[in-house]
Structure formats: structure tokens, C-alpha cells
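> So the sequence lines, in the order shown, correspond to chains G and S.
Each residue of the first sequence is one higher than the one before, counting from 1 in this note's numbering.
Each residue of the second sequence is one higher than the one before, counting from 1 in this note's numbering.
In short, the hints are calculated from the structure, not lab data.
Hints should not be assumed to be uniformly reliable.
When the alpha-carbon atoms are kept at most 20 Å apart in a straight line, the in silico DMTMM-like pairs for lysine to aspartate or glutamate are as follows [stated by the list, open to error]:
1) G:Lys59 - S:Asp296
2) G:Lys90 - G:Glu123
3) G:Lys12 - S:Asp149
4) S:Lys302 - S:Asp286
5) G:Lys130 - G:Asp11
6) G:Lys66 - S:Asp296
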Amino acid sequence: MSSTFVVYVEDKPGVLNRVASLFRRRAFNIESLTVGHTDTPGVSRMTIVVGTDRDGARKVEAHLYKLVNVLRVDDVTSTPAVYRDLAMIKVQATAETRSHIMQLVDVYRARIVDVAPDSLMVEVTGTEDKIDSLLDVLRPYGVIEAVRTGRVAMARGGPRTPRLRRASAALRGPMPRVAREAGHAGPVPLSA
Amino acid sequence: MSRKAARTAGRRAGPRTLTGAQVVWECLTREGVSHVFGYPGGAILPVYDAMPAYPVHHVLARHEQGAVHMADGFARAGGGVGVAMATSGPGATNMVTGIATAMMDSSPLVCITGQVSSALIGSDAFQETDITGVTLPITKHNYLVTETDDIAPALREAFYIARSGRPGPVLVDITKDAQQGACAFDWNAAEPTPPGYRPDHRPRAGDLRHALDLINGASRPVMLVGHGVILAGAEGLLKAFAERTTIPVAMTLLGIGAFPGSHPLNLGMMGLHGEAWVNEAVQQADLLIALGMRFDDRVTGKLADFAPRARKIHVEIDPAELNKNVQVDVGLIGDVREVLETLLPGVAPNDHSAWLARIEDLRRHATARSIQSFEDDGHLYAAHAIHDLWQATRGTALVVTDVGQHQMWEAQYYRHDAARSLITSGGLGPMGFALPAAIGARLARPDADVWAVVGDGGFQMTMAELGTMVQEGVKVNVAIINNGCLGMVRQLQTFFYGARYHATPLVNPDFVTLASAYGIRGIRVTERAGVTPAVHEAAAHGGPVLLDIRVESDDAVYPMVAAGAGLDQMIRRPAQEAIR
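Isolated chain S, as found in the complex (with noise of 0.2 Å):
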């Protein structure tokens, strides 16, 4: 009998006799789970040594910490449950800065690590740490598994909770004799039944009524739209629900891809770098419809003169979140999907068209300070590559970007038109997470044009996953934006710290030297002629791509709303002549 019919026969059979590291594989096998990241240390050893009669690909990053941006990645692209694994101590807590980038972008992700054997625990054993403690605040939930017995109930359990109500990531911490150990393994008793967890909620009717008024009765509407909508598949009824309204989209970072960004009902970003006339037409409203999204600090600006006119309805699945930092008028508590679905049969067909018209009067303004109104001067600015990006790419690529300027120009200039199509970090914002979290979105997807979009610095945070990368043979495209400089940073030293700009240069290696010594071809860009053949290039070659594309480094994100300042008081960039 071949492993994997004896595999299928043992599973008819009902309960059988496995060790814990077996009863981990075949738990991860019936969650549906294809792809395993992951770094293999002493107190994990079992599980991994039980892996190849399992029908699950791990792929071995080069430090855990990219491993769990790519099960990240992954989750983000594919819409899964992402799975990271490592060992114990060093392993489980360079672990900790993936997690916490899942936990605050509620991205569903099980991470399982080896825990030195049981009698040890509280010894101060080699290479034990208390990772359950360590990861308390930033998981959804977490547990640690002394018993062979209880793996499987930890392990569906974890999955359950990753992937429902607000997903986020979950730990699995299993001690070595617990995967060592045997037990009767029986999936269907390990069903998974938290009694205190409740993640269906719904809105009450009276207040799905009072918001249909307010929807009706507005005349300066904006919908405020996050990740909210694209963790719910609400992307189609958003759209619709726009679309019989005439009811303006503006969207959050992590947002965008939720609607259409060639949809002229399309604002764009909002928030500290959100284009000018979105803030603006925020500040204007009289009613703001916020989806999914959860009024971030980066996206409210000064909580006090946040859109002072506006009523506010707030559709929402974590009902701490409900007037946690904006107080709202209505609160609807529940999957986005199921309220709009709800609300849109009693949604009156709307004419806007003297509030469009006025936002478009704010656009058309902001427009002409728009560094892509500029004439090329011999610079090549950050802005310009990107745009040229996603005009080379036809606006069809898996952008995942990593964080500082770059990932602003990158929501600013690459219009994305499908949900899941930009990966970023928002919440957390860990400089390294591109890379990784690419090459986890193209095992994902692996039909996908996936392009990591990297300042020079982040880039060197984790750029010894291009091993990870040329190791699995993954096609990801790397544009480097290369400024020089740590350039986020800089921007704010440039406007707060009086152009003092200590440890913001960087003296970076050849990235294209470098691509070549993992054997990945490698451009080097340095005019904004260069940017769409390199994109071409990039395409065409049948492996992955590096493009050093050398940037101005004296530039800023531009617009930008200054700490404690109001959403509409915005630093605006100057005008041509003014920069040269």
C-alpha cells in the first residue's frame, strides 16, 4: 500500500494511535493547509522529522521572522489562514515582530513553536523561552500545549479562532515530549467549541434603520472603506452599494484594492498622506459611512476637528473597536458582507452629483501641484518610477510593499482595481515585511505578477529571504527604491528637527552585484526613461528580477499632516519652481 492510501485508509478507520508530531501534520493537512513556512530548530525537531509523509511544502525562510511575513503574505494574498513554524527560545521570539504586524493588520495566521519537554519549563532551560507570555498582548489567542492529547483540540482551535470574527494570528507553543508522546488522534472530537467565544455578531434592527435615514437623508456623503471589506469578500456589494448611492470612496491604507481605483466614484487614500482632496471632502462631509476600517490615529489626524460636521456610521465586527477612538452615531456591529447586504435593498437611489462635483473641484485643484504635473528635469523621482510601474504593469500586478515613503508613493501612484491586490503593513509598520511577505503572496497565487516594492533601507532588514526566494525558485519582482537614506525618517527631520539628519544616510552594497551572487538578474535604473524597459525586462525574464532604481533623495511624501494637526491642515508640496 502506497503512504498515501495507507494515509487515507488510517483516516476512514477512525481513531488511530499517533505521536504528537504526527497528530500536528495531519491536523494541519485537514485545516487545508498547502504551504508550511518555517525554520527547524532542536525543540521543534519531532514535528519536523514526522513532515514528508504529508502532502504539506515547507518552505525554509532564512530567519523566522520572514517566515512568518510570508505565511502573512500568504494569508493576505490567498485569503487562507497562514502557518509559520520555529523552535523554541531564539526561534519562537524572532517570531514576535511577524505576529504583531498579523495581530495589528488582523491578518489570520497559526504560528507553532517547539517548547523545550515539559519537566523543564520554568527551568531556565537551553533555549526556553515563555512565549506565550511574550506573545499575549499581540495574538488573538495563544496556548501552550503540555499533552499530547490536547494538540489536536489546541491546533483546530487556533484555526478556528485565527480565521473568524476579526482574524488575527493565534500560537500554538506544544512541549518536545508532547510531540514525542502518542495518543488516539480523533478529529471530529476535537472539534472546536470556546465557550466564552462569540464571533457572529449581528446589528440590530433599529439601528440598521437609523443608519438607512441617515444614508438617505445625507447630501455630503464619503464612505470610509479598510481592510474590513476585503477580509469580508464585500468588494462586489461595496461597489454596488456605491454605485446606487453615488456615494464617494475613501480608503484607508490597508483598504485599498476594497474598490476600484479607476472607479470614478474613487477618492483615493485618506489620512496623513491621503491626497488633499480626500481629506478635504472628509472634513465636508455630513455623513461618513466608515466600513471595516477602525479610525487609526494615521487616519484621523487631530481626533478633536475629525470631520466636525459629519454624523457618523460605523460598520464594524469587533465591538471594541465601536467608539474606541471616534464616537459614532450608529453602530452597526457585524460582518461587513452580511450588513451591506442588509442595508442595500433599502438604500434609496441618490444623486450627488453637486457634492461630486465640488470634490472634483478640490481634485482638480490639488492636481496641479501634483508632482506628476512636473516636466522631467533629469531627476527621477520615487513618484514617477512608481507610476511608470504601474502603467509598465497595466495596474495588474500584486504590489507588496514594505513601509516609508515608498509605500506612500506606492498607494498614491499605483492604482489597484482588485481587492488583494497591494500588500502592505499599516498598523504595526515593520520595515522588512516586503520581501517575505512576497514571496509568501506568490505561492498564494503563483498565476500573480507579484512585485516587492522596497525602500533600500527595509529592503536590507530581511534581504537574505532572496535565498528563501531562489531556493523555492519564486518569481518575485524587486524594485528597490533606492534613495540613499532612511527616507521616511529623514522627510520628518527635514520638517521637525531642523534638517538635522543624523543616522538617516545609508551606504548601501551593489544591489545589483548582489542579486547576481544569488544568481537573480539585476538592473540598475537611473533616469526615468529606464523605469518601464526594466519593468518589461522584468516580465519577460523567466526568473526573478531586481530593479536598483536610484531615486532623488531630496523629496517628501507629500501631502502630509503634521502630528496633532487637523485632517484639512496639510503641508502641500511646493510648486516646481520653488524645489529646484
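Pulled out of the complex, with its shape left as it was, chain G reads as follows (with noise of 0.2 Å):
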């Protein structure tokens, strides 16, 4: 079983190997991991796909808010979300070959992105599963080189995933999972 999850970090030196070494180290095993800047300047995000359970996703839900670098984790395994990998692929063509290769690049809406007398480039986005598929049939012809970027998801409808508009942004905007179920806001009343 794997989870997703959607981690807003400082963009400062370091700040990826702090991640990947704190999975190394509690020994959770990283199927996927890609980083990128978001629209925020000074606020990276990364889409982590981790292979473990529900216990163990909130264990690193946990440690990953230990880490100062990290502002925000967002645990998208069970809400709805669009998740995408990109792929390239390069595969064998001939003269014969190359017009099959080609209908079936149409098929999965994929593109052709470079031409070589021997070889073309593919360039497929898509879900997981259907990279898989369009690898599977164009095995066949010879796969010379392929290149995934590992998933990158966003949980669907607005106000889900905030804009960190700027790296402070974080203290103000809606609470973190983990330190919503701690009750970390406000004061404490007791009437028991």
C-alpha cells in the first residue's frame, strides 16, 4: 500500500536531503519523490508517494513536521486528486514500423516529440497506469530509453491545497492535519 503526499518546503540548501534522509532513517521506503518551485517565491513542493499504511503515513506525516524546513504537510492518499507523471520514451523505428507507432501514440493522446531515421521520441502524461499500458505496447518495437518523473498530484477543487503566498504564509493559513488533531489552536476551555 502506498500514500501520497504533498510536502511545501523552505526552497533553501539542503532542504531535500533533509526529507529523503529523514525517510532513510525511519526507514520508509520512497517510491516516488519530485520537487519543484511553486508560484510562491521561497516555498519549494514536493509530491512524496510513499510505500506504507495508514499508521505508518502518519508517522511521517509526524516526522516530516518535525523538520523546520518543512511548512506544510498535506496527505492526499484518500481525498480526490489528479495525479500525473510524465514519461518520455524512446523507441525503435523503421519504415514499416514507424506509422503502427504513431496511431498508437494517437491512441493514448501522447506526442511525438522528436524523429531520427531509426528512432522516435515519445512524450506521454498521464496516470501512472497508462504509462505502464503505453510501455507495454511499445515494447514490442524495442524501447531504447524511457525517463519517468516519478507523480506529482494536487487534491482537486479550490480550497484544498492553499497558496502559500509567501513562506510566512504558512503560520496564518489553515491548520496542518497533525497539528489540528493535537488541538494545537487556541486556548484550552474546561468545564468537564
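Can you join these two chains into the complex? Each is in its own frame, and there are hints to help.
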């Protein structure tokens, strides 16, 4: 079973290492990790797929929050989300097979991005399933090289994933789940 | 204008131009640091050169591991942040054991290391080590500072992170060119604002009510108290809470001192070498209230068999500890003191006399097998020596223990009534901790009667720090529990490796002569009658005293829970006849 996290981190040197080191240190297996800039300067966004159950996912989330440079962690495993993977596949193509391959590429709504005398380069975006499937049908023609980005994820709908306008916006944004569970907010009324 | 007056005037004038090295001391001074424990070297020399102008006392250790343990002992004894300093490369790597110790035991430290100049980073320059990479998993956070401007913000943030939330060590690695450069120093602008760091957790009202229902409804409750109670300064509230509810208190090794050892509701230490009645009470309880402890494997024994009939409430400041080892019914994430303050008005005064009587029964049964009940047969047992040390110091010493058998015997037979009166390394268990940590502890609390209780093996790992002790004029009394072997390992060989004693016998120096080489008074103790007079002599002597207490090597720490066994499956001390 795997869990998917969207993790916002400060865009500082060494932060990727801190995150990766945490997974190694706590013996969690990373299935894929992608990282890139967000529309907010100073904030990077990671999509991390981890091979773990719900219990393990809770621990991952809590440990990620212990990293000082981690701003926010969203476990999107069970929230409706769009997942995408991008692949580039270089496949052998002769005069006879080229048109067959191009038809298949059309079916998968992929694109030819480079043509050489004896090969084609295909770019495809989609879920991991779709890319696996395209790879399967191209394999008989002779896949020379393939590269995949790993999963990126975004929760559906407006409010789920907040836009972090500045790094410090995390302080004002909606409560992270672990902190929320811990009842981070507000004074404690007690009239038990 | 005197130096001090000039400094004060400069502070009032707002931003001033300082070198990076001066910024370091300026920050330390403003953080209230009185002592820095360190060892100089090329890459940190600009900082050392700037030191004399600032009112911070530098303690020159004999090894950087010693410097970090000193800072750790200083922090644990005094309640502040300990500061250690070292140069790049070997200086920094020598700190690693000390830093890992502080990490495992949640001790607030700021470690400052010099680094080669930023232009040389990555070139395998002389004494270059990627110490931020090395210490990544054993620090709460760390910084590599390559710009003079960044020194003050990094140091202020380091202190803030080290002491807030669940405390821990923070390392700040500063390149030599950053130390030598100049910048406008502005203390106020360096105010720490780490956007992702939120130490201020509070439990939910609903969980608090649930916890109160469990507490008020329990018939066989036990409190499990850990280091967090001491770190939060919650020992007074804990006492009030225990007395109102009459719930007995068991402690982890690091929790010792959080509840008075002489209190009738005190059970003692739980866990692998916990007293039998404590572990049995934990196993029979219907409610465990865990306060500032983390269900370490030394405390729980086999997890599947741990306290099977008990509902569990876990009060803990670190959300990552919740349900990490033991699944609990209610998790209250927050500062132990705040949580107890909130709970206290809601707990009903209760009478658990039937439960307490049952535990008392278990205790009476176990006492018959206690070594304290054995008559003096001419052998000097470590447990007797520590018991007599407790009596002779009237239980008021600040004891710093090392790692091994003596550490467990101390925890069992020295009764601590005050928080921060026992300092020991629980999580990492580094031999060699006691002597340097005791030096730090004494410097934090110059009025305390500080004793380093240490085995002959552990003592030899850091005994060079006797030099630091003498150079600094620190009065720490050292009790070497000398059994001529690595006792705890030997004990494991006895029970689980067919008594094949490979690599555990030690050929030791004459510790009394060694002490005299440092100008320290040494006293050899070979019989039980000699312990108390030696302790009194140490107390009366103006300088440090080292006791070489020669104890029986053919002895073991009982009770003992074997690896993988449940907490109530203990190996008990044989009756006296059986061991003769």
C-alpha cells in the first residue's frame, strides 16, 4: 500500500537532503519523489509517494513536521486528487513500423517530440497506469530508453491546497492535520 | 572608556559594524550564556581571538566529546542551554557522540563549529568535514553559515529551537571567512521567525475531558513519569496531582527526580532493570498515565505484552511520539506542565488504598530478595556502596552517572528527592558521559554536592577530563565503582553467552596514583565499612576527591527483563545462599 504526500518546504539549500534523510533514517521506502518551485517565491513543493499503510503515513506526516524547514504536509492519499506522471520514451522505428507507432501514440494522446532515421521519441503525460500501458504496447517495437518524472499530485477543488503567498503564510493558513488533531489552536476551555 | 562601558554604549547605539567572530560572542552574551565548553583549532580561531572582550567563561576540555558532555551536564543541571564549541573536521566529528547523546535525551544544546572558508568547501580541504551532513539525523536542526550577515539570525534561531518545544541539540557551522568578514550587527532584526516551526501545541478540550473520565474512573492507575516532566518544570504539579488522586508514580531512568523518591506514592524506576513491584504494578494496572516519556524499549519490554489490561493516556510535547511504540487511548499533545495545570482542577480526590496495598504487598515480597537485606559477608557489593553513598550524602547530592551496571544500581539504591539531582544518559548510553557531564553540572550549580559515579570502563573513556577539572578548579567527587571488568557486558555474557567472558576483563591503572598525578586526592575503598568515612572525607576536602571503590565483579543487576520478554518476566536475584 502506498501513501501520497504533498509537502511544502522552504526553498533553501539542503532541504531535499533533510527530507530524504528522514525517510532513510526512519526506514520508510520512497516510491517516488518530485520537487519543484511553486508560484510562491521561497516555497518548493514536493510530491512524495511512500510505501506505507495508514499508520505509517501518520508517522511520516508527524516526522515531516519535525523538520524545521517543512511548512506544510498534506496527505492526499484518500482525498480526491489529480495524479500525473510524465514520461519520454525513445523507441526503435523502421519505415514499416513508424506509422503503427504513431497510431498507438495517438490512441494514448501522447506526442512525438523527436524523429530520427531509426527511432522516435514519445512524450506522454498521465497516470502511472496509462504510462505503464503505453510502455507495454511499445516494448515489442524495441524501447531504447525511457524516463519518467514520478508522480505529481494536486487535490481537486479550490480550497484544499492553499496557495502559500509567502513562506510565512504557513503560519496563518489552515491548520496542518497533525497539529489540528493535536488541537494546536486556541486556549483550552475546560468545564468537564 | 572601559571595555564594558564601550560595549554598553555600543549596544544602545543600535546597529554597529562587527566581525562575524564578534557577532558570535555578542549573540552568546545576549542569550545569557555564561560558560562555553570547547577546544580551539584553525577554523574557529577567529572566534576564539574575539572572546576576551566578552563576559563569557571558556572551559577548555581535553576532547571535544568531553566539551559537549560538559555543555549537556551544564544544561541538565541548570535548566538553560549548554554551549559547546570546536573547530572544523576532527573537532566537529569528535562532538558527534555528545550531540547524539543530547538528541536522544532531549537536552538543549547549541554547538558551534568552525568550517573551512566557503571558497574551499567541497574541495576536501585540510580539516574539512561536512559536519551539517554528518549531524543531520542527530540534531534537532543545523545550519551551515557562509555569510557574516547570516550568523546572528542563525544563532538566535538555534537558541530558540534548542530550548523550545521538545528541546534538543542544534549545530551552527560557520565558515572561517564568515567569521572574519564584517557586517552591521542588528540584534532585533535577527529575531527568529522559522515559518515551519511550531512548538506550541495544546491538547483538545474533548481529549482532556476523555482523559479526566478515565482518570476519575480508574481503579488500578499508575503514572509513568519521564524526562519531559523535569524539562517542563512540572514536578510540583505532578506531586499535587499524585497526592490529590493518590495515584502511584513510576519513573523512567531519566524521570528520576521528577517525583520525590521518599514519597509514599513513589514506586521507583520501571523497565528492564526496574524494581519487580513497579513492573508488576504497570502490568496489572487498568490505567497508565504517561507523562513526558516516550515508551522507550528499555521501559516497555515486549510491546505485545505491555500493560495488556490498561487504558493509556499519553501526555507528550512531540506529536511524532504519539502512537509510535505503544498505541494509546488518549493522546494529549502539549507541554506537560500546561496539561497538568488544566487537568488538576478536574480530577476528583480519590482513594486507591486497595490498589496501593496490593502494590505494597508486591514490594514486600520483592524486598526479601533485595541485596540490601543480605548480611555483610566481607564482599563489597556495588549496591551497598551506592546505598551508603546515598546515606552519607543524606540524599542531597547531584549525582551524575555513566553507563552500565553502576548506573542501574544508582537508579535503584540512591533515592533522589529533587528534580535535576540525577543526570545520566538514558537514550544513547555513551560510556564516558559522567565525568565531563559532572564538570558541567558543577559549573551550572556551584553550590551542589556533585558526585560522578562511574564504572572503571567508562571512566577510562574520558578520564582526561580530570585535567579540565583541575584547571578549572571544579570540585567534583568521583566514585569509581571498580569491578575490574566491563560489568554490564559481562552480565550479558553470564546470562546469554554461556559465561564466555571475552574482551570484558580490564587491566586498570592504579586510579589513586592516577588521581595524585593530577593533584587530586585519591582514596581506595575495599570494604563496606570504608565507604561512609571516604564519602565524609571527600565532603570535607576542599578540592576534588576520587574514590576507587573495589567491588565484587561476580554480581549482576537484578531484576532483569531479557530482550524480547514481557515486563513481568523478570530474572530475579537469587537468594543469598545460592550465590555463595
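> All hints, please: hold or fail.
Hint by hint, here is what the structure shows:
Pair hint Lys59 (chain G) plus Asp296 (chain S) holds up; C-alpha atoms about 16 Å apart against a cutoff of 20 Å. With a C-alpha separation of about 9 Å, the suggested pairing of Lys90 (chain G) with Glu123 (chain G) holds against the 20 Å cut-off. Under the criterion of a C-alpha separation no larger than 20 Å, the hint pairing Lys12 (chain G) with Asp149 (chain S) is consistent with the structure, at around 16 Å. Note on Lys302 (chain S) and Asp286 (chain S): the hinted pairing holds, with a Cα-Cα distance of about 18 Å set against a maximum of 20 Å.
Distance check on the hinted pair: Lys130 (chain G) and Asp11 (chain G) sit about 32 Å apart at the alpha-carbon level, beyond 20 Å; violated. For the given pair, Lys66 (chain G) sits about 19 Å from Asp296 (chain S) by alpha-carbon distance, which is consistent with the 20 Å threshold.
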